[in-house]
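A.B. asks: Here is how the chains run, residue by residue.
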Amino acid sequence: GAVVSQHPSRVICKSGTSVKIECRSLDFQATTMFWYRQFPKQSLMLMATSNEGSKATYEQGVEKDKFLINHASLTLSTLTVTSAHPEDSSFYICSARDFGYSGTPSYNEQFFGPGTRLTVL
Amino acid sequence: AQSVTQLGSHVSVSEGALVLLRCNYSSSVPPYLFWYVQYPNQGLQLLLKYTSAATLVKGINGFEAEFKKSETSFHLTKPSAHMSDAAEYFCAVSDLTQGGSEKLVFGKGTKLTVNP
Chain A
7 GAVVSQHPSR VICKSGTSVK IECRSLDFQA TTMFWYRQFP KQSLMLMATS NEGSKATYEQ
67 GVEKDKFLIN HASLTLSTLT VTSAHPEDSS FYICSARDFG YSGTPSYNEQ FFGPGTRLTV
127 L
Chain B
65 AQSVTQLGSH VSVSEGALVL LRCNYSSSVP PYLFWYVQYP NQGLQLLLKY TSAATLVKGI
125 NGFEAEFKKS ETSFHLTKPS AHMSDAAEYF CAVSDLTQGG SEKLVFGKGT KLTVNP
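In order, the protein sequences belong to chains A and B.
Positions in the first sequence are counted from 1; adding 6 to them yields this note's numbering.
Positions in the second sequence are counted from 1; adding 64 to them yields this note's numbering.
Incorrect hints may appear among the rest.
Unchecked claim - Chain B is nowhere near these chain A residues, computed Cβ spacing over 12 Å in every case:
1) ILE18
2) SER21
3) SER24
4) ASP33
5) ALA54
6) GLU69
7) ALA78
8) SER79
9) THR88
10) HIS91
11) ILE99
12) ARG103
13) GLY121
14) THR122
Said to hold, decoys possible - With beta-carbon atoms standing in for the labels, derived distance ranges:
15) A:PHE45 to B:LEU84: 25 to 35 Å
16) B:SER78 to A:HIS91: 12 to 22 Å
17) A:VAL9 to B:SER116: 23 to 33 Å
18) B:GLN109 to A:LYS61: 40 to 50 Å
19) A:GLU69 to B:LEU82: 40 to 50 Å
20) A:ASP71 to B:LYS172: 24 to 34 Å
21) B:PRO143 to A:SER11: 29 to 39 Å
22) B:THR69 to A:ARG123: 22 to 32 Å
23) A:GLU69 to B:PRO104: 41 to 51 Å
24) B:SER73 to A:GLU93: 21 to 31 Å
25) A:GLY59 to B:ASN105: 30 to 40 Å
26) B:HIS74 to A:VAL9: 41 to 51 Å
Claimed, not checked - Sample of chain A residues with no beta-carbon within 10 Å of chain B, all distances over it, derived:
27) PRO14
28) CYS19
29) LYS20
30) ARG30
31) LEU52
32) THR81
33) LEU82
34) GLU115
35) GLN116
36) THR125
Because the hints were derived from the structure by calculation, they are not lab data.
Backbone N, C-alpha and C fix where the C-beta goes; we use that ideal spot for every residue, glycine too.
My request is simple: use the sequences and hints to build the entire structure.
C.D. replies: Encoded structure:
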């Protein structure tokens, strides 16, 4: 199956600093990437959808200036948490989708990265 | 908007026993439904998906799920639990993002514990 990696797997930073998280599709071209946030013992909440070469689409309630998303190539998307605060501490997971991958005619599978644990002190 | 309800945040079974994880969805149109598994500090792995073909869907690791439209359910089962099945399980339904593309809406998850 398709592999998605994330880097770093874990990061601890001071309040007020910015943190960049990378999401890479290793063996396929990801036309669309998704960024999720998962709080402890809770479900995944979609933050934004990014399509290669265009601006990300953010879900309602997600601050665009706080969570900067860049999808500059078909294999890389980045999420930058700007001026991080303790309430931004969470598990961030990306997923990638390739419309060319085998699947049903109407839905193309998302492949998930292993996640990044962000702790803001 | 679509939504998913997973009944039981925590399910505990004995090794070798039947596993039943419940999922109900709300959808005004035939949905695409998914079950994912998450091991600690890892991403999600697709177990199986329903995409309007056969109502009984077989997935990996011996899991299967049955789509029942009349009950708006998509419960996940496995005849005999193994210790390695201990993980968090998420049911998800497809929906549309703000921009009109497809996205997944997840349930709150069910943590499965398998006792020896």
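A.B. asks: Does each hint hold? Answer for all of them.
C.D. replies: Quick rundown of the hints versus the structure:
| no. | hint | in the structure |
| --- | --- | --- |
| 1 | ILE18 | holds (15 Å) |
| 2 | SER21 | holds (23 Å) |
| 3 | SER24 | holds (23 Å) |
| 4 | ASP33 | holds (16 Å) |
| 5 | ALA54 | violated (9 Å) |
| 6 | GLU69 | holds (14 Å) |
| 7 | ALA78 | holds (18 Å) |
| 8 | SER79 | holds (19 Å) |
| 9 | THR88 | holds (21 Å) |
| 10 | HIS91 | holds (23 Å) |
| 11 | ILE99 | violated (5 Å) |
| 12 | ARG103 | violated (8 Å) |
| 13 | GLY121 | violated (5 Å) |
| 14 | THR122 | violated (10 Å) |
| 15 | A:PHE45 to B:LEU84: 25 to 35 Å | holds (26 Å) |
| 16 | B:SER78 to A:HIS91: 12 to 22 Å | violated (44 Å) |
| 17 | A:VAL9 to B:SER116: 23 to 33 Å | holds (28 Å) |
| 18 | B:GLN109 to A:LYS61: 40 to 50 Å | violated (30 Å) |
| 19 | A:GLU69 to B:LEU82: 40 to 50 Å | holds (45 Å) |
| 20 | A:ASP71 to B:LYS172: 24 to 34 Å | holds (29 Å) |
| 21 | B:PRO143 to A:SER11: 29 to 39 Å | holds (34 Å) |
| 22 | B:THR69 to A:ARG123: 22 to 32 Å | holds (27 Å) |
| 23 | A:GLU69 to B:PRO104: 41 to 51 Å | violated (29 Å) |
| 24 | B:SER73 to A:GLU93: 21 to 31 Å | holds (23 Å) |
| 25 | A:GLY59 to B:ASN105: 30 to 40 Å | holds (32 Å) |
| 26 | B:HIS74 to A:VAL9: 41 to 51 Å | violated (31 Å) |
| 27 | PRO14 | holds (13 Å) |
| 28 | CYS19 | holds (18 Å) |
| 29 | LYS20 | holds (23 Å) |
| 30 | ARG30 | holds (13 Å) |
| 31 | LEU52 | violated (5 Å) |
| 32 | THR81 | holds (17 Å) |
| 33 | LEU82 | holds (17 Å) |
| 34 | GLU115 | violated (6 Å) |
| 35 | GLN116 | violated (6 Å) |
| 36 | THR125 | holds (13 Å) |
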